[in-house]
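Just so you know, the protein sequences line up as chains B and F, in that order. To convert, note that position 205 of the first sequence is 205 in the numbering used here; the numbers rise steadily by one, no gaps. Count along the second sequence from 1, add 1000, and you get the number used in the numbering used here.
These are calculated hints, taken from the structure and not from any lab test. Glycine is no exception: its CB is placed at the ideal position from the N, C-alpha and C atoms. Some hints could be false.
[What the hints assert, rightly or not] Derived coverage of chain B by chain F (criterion: at least 3 residues anywhere in the stretch with Cβ under 8 Å from a Cβ of chain F; other residues may be distant):
| # | stretch |
| --- | --- |
| 1 | 64-74 |
| 2 | 78-92 |
| 3 | 96-108 |
| 4 | 144-156 |
[Said to hold, decoys possible] Here are the computed distance ranges between Cβ atoms for each label pair:
| # | chain 1 | residue 1 | chain 2 | residue 2 | range |
| --- | --- | --- | --- | --- | --- |
| 5 | B | G161 | F | R1114 | 39 to 49 Å |
| 6 | F | V1116 | B | R44 | 29 to 39 Å |
| 7 | F | Q1220 | B | E159 | 42 to 52 Å |
| 8 | F | A1253 | B | A9 | 44 to 54 Å |
| 9 | B | R44 | F | R1121 | 32 to 42 Å |
[Said to hold, decoys possible] If we take Cβ atoms under 7 Å as the criterion, some of the chain F residues that face chain B in the derived model are:
| # | residue |
| --- | --- |
| 10 | R1069 |
| 11 | R1076 |
| 12 | G1077 |
| 13 | Q1078 |
| 14 | V1100 |
| 15 | D1101 |
| 16 | G1161 |
| 17 | A1163 |
Number of protein chains: 2
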Amino acid sequence: MLVVKVGGAAGTAMDPLLDELAAMTEPWVLVHGGNAELDALARRLGLEPRFVTSPSGHVSRYTDPETVRLIQMVYRGQINNDLVARLVTRGVRAVGLSGVDGGMWRARRKESIRVVENGRRLLLRGDHTGRIEDVDPGLLDLLIANGYRPVLTLPALAEEGVAVNVDGDRAAAAIATAMGAADLLILSNTPGLLRDPLDPDSLIPRVPRGGFAAVEGFAQGRFKKKLIAAQEALEGGVQRVILATANRDAPIASARAGHGTVIG
Amino acid sequence: MLVVKVGGAAGTAMDPLLDELAAMTEPWVLVHGGNAELDALARRLGLEPRFVTSPSGHVSRYTDPETVRLIQMVYRGQINNDLVARLVTRGVRAVGLSGVDGGMWRARRKESIRVVENGRRLLLRGDHTGRIEDVDPGLLDLLIANGYRPVLTLPALAEEGVAVNVDGDRAAAAIATAMGAADLLILSNTPGLLRDPLDPDSLIPRVPRGGFAAVEGFAQGRFKKKLIAAQEALEGGVQRVILATANRDAPIASARAGHGTVIG
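With the sequences and hints as input, model every part of the structure.
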């Protein structure tokens, strides 16, 4: 059982991954993002994404109800359906699902968040983000056992029936844990964790299980969350998490052969 | 086995239907539309829907690739995910699917359509609409047998791997046929087929199996397609098709008790 997360940043190739998935006999679950398309739709609608800064300096997207709707439209409606169509065309019995389906991803919503704006601390209400607390693997197990292949994306469902934004990498870690996956591959448009984000030759090839503290300083931007996701997956029983590029032929075999940052 | 189609016109209540579905022990499949929300998103994006007229005078939406994307966003992304969340919150193990998932709805795309514009006949290419030719009930049967409840919507998948727009009522008829449903309910914001669309007291309560010709003249706008769908469902082995309102308590029981236009 393999769980593959592929990011939604601009410049992330999909065809090599879809070709490889279509040829695999080993069962898999694909989890995908969609940030670049989300920003594009928001801009077309004249909506500026709002980013907020926590007291500890962490920057994140403020997700109002309108943004949750856009996430559903882009991640669930457009990208998920497109990927499923492309897999079905390749002969895969792919089934698209969001975390809401079958109540699969249960999240705890952060009802209010502390932010710092113009040097002042504020308590901001109305945010629709959350953290996955529970993944029910029943629906995924049923589909896989019957030859279907799940393609998963945001949003998740919070207790009150509200759809919420969650981090895609950490969602993939929760899925890999719940499914008892041996490997979690987190693919993006970069070759892995780099010592210098501007130098693709500065790849960190290996992070041992106890070695997160030594590399945390190199993780910038979205790689901070990828390292947290990797740690959560290992704690959940996953044997290896590999951060690697989607932009080459056979990205899965390549990552498993060690081309990327192998964690665990 | 019951198949319920609920339309996407403005002013169609959803809560009574969702409450009733959540309380049912009989298995069901819900098929839904989303036209009003589709038009709203198109307007926000500054896109004017283009309607074309066939040589026989039939008016339909011209579906360019951009419109297919919007259909995926609105039907599949926003409305489907919302309905699933509301059902899960009511304790239903609802699973949202489009016709693309598992290659469920196979459509034949009309590659070009004949239209009349300004009195001239034109052959218009690039349209992304189709007609469902085959429904694979395997995924639906699997889900239902395991306690899940499918919530279905557009688009369908054409042979070349292209997502296409199809008529929702006729899609529901194809599903009801493939599932061997006894009843197909087509709910909307009107009480059924009316002799006079402006007079809700002019309901036609009953259309016998051979009686379509006698009532066709009363079907205006979207009711033309509903009658075609009803006829296709009956030909496919469905026993009763009922056109009824969603805007009352227990709309399913009400329709089955004969409040609406009972066909068959």
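Hints, verified against the model:
no., hint, verdict
1, 64-74, "holds (count 4)"
2, 78-92, "holds (count 9)"
3, 96-108, "holds (count 7)"
4, 144-156, "holds (count 3)"
5, B:G161 with F:R1114: 39 to 49 Å, "holds (47 Å)"
6, F:V1116 with B:R44: 29 to 39 Å, "holds (32 Å)"
7, F:Q1220 with B:E159: 42 to 52 Å, "holds (45 Å)"
8, F:A1253 with B:A9: 44 to 54 Å, "holds (50 Å)"
9, B:R44 with F:R1121: 32 to 42 Å, "holds (35 Å)"
10, R1069, "holds (6 Å)"
11, R1076, "holds (4 Å)"
12, G1077, "holds (2 Å)"
13, Q1078, "holds (5 Å)"
14, V1100, "holds (5 Å)"
15, D1101, "holds (5 Å)"
16, G1161, "holds (3 Å)"
17, A1163, "holds (5 Å)"
Hint compliance for this structure: no hint is broken.
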